[in-house]
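S.K.: Single-letter residue listing:
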Amino acid sequence: DIQMTQSPSSLSASVGDRVTITCRASQAIDNYLAWYQQKPGKVPKLLVNAVSALQSGVPSRFSGSGSGTDFTLTISSLQPEDVATYYCQKYNSAPYTFGQGTKLEIK
Amino acid sequence: EVQLVQSGAEVKKPGESLKISCKGSGYSFTTYWLGWVRQMPGQGLEWMGMIYPDDSDTRYSPSFQGQVTFSADKSTSTAYLQWNSLKASDTAIYYCARQPNVLDYWGQGTLVTVSS
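Protein sequences appear in the order of chains W and R.
Taking the working numbering, the leading residue of the first sequence gets 4, the next gets one more, and so forth.
Taking the working numbering, the leading residue of the second sequence gets -11, the next gets one more, and so forth.
Hint data in this document are derived by calculation from the structure and do not stem from the laboratory.
Everything numeric in this text was worked out from a predicted model, so none of it was measured.
For each residue, glycine too, the CB sits at the ideal point set by N, CA and C.
Per label pair, the in silico range of CB-to-CB distance: (1) Q53/R with R64/W: 32 to 42 Å; (2) A76/R with R64/W: 40 to 50 Å; (3) S59/R with S15/W: 40 to 50 Å; (4) S79/W with D42/R: 37 to 47 Å.
Please put together the full structure from these sequences, using the hints given.
M.R.: Here it is as structure tokens:
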């Protein structure tokens, strides 16, 4: 099965900083890569699918990029409400594995 | 409006059986895959598998194959996640989510606590 590895596992940044989270697949997954945001104590929320397609209502400071095995989620200007854990997920074929998560905090 | 409403929190003893539910509304329940996701305390998201309610076709993650059972009732637009013999390590929040490919709409989660 394809494994999904995120880095870093945790990240502390200042408001206004540009933040990048990386997700690496153990094999190529074409563009079948999604990102989810889970705020503390809340239900996960789909942010991005197909590598770079933002869901409706997601602020434009979020963007996704990558191809093949290497993908990134970028927040162009970190806001306090972005404190959350972020997960990537592959969905080219079952099992639809998640990455282990990246916990983002404000410095 | 798409909604997935899950059954309430459960407290069970090891060895007991359990079936939790996820009721869909606001969309064609039978024509979208429905996924299940586990989140153990303080841990990340784990994709357990999915069911296609129209014909009850199921796909299980290898980690969960044989440990749980998915089922669905088309007449009530409800999906189920079942355990025959719970273990303490099954303590977690379980989410259902509509899964056309990605998990686009999520239930509120069901907390299952297994403790003697």
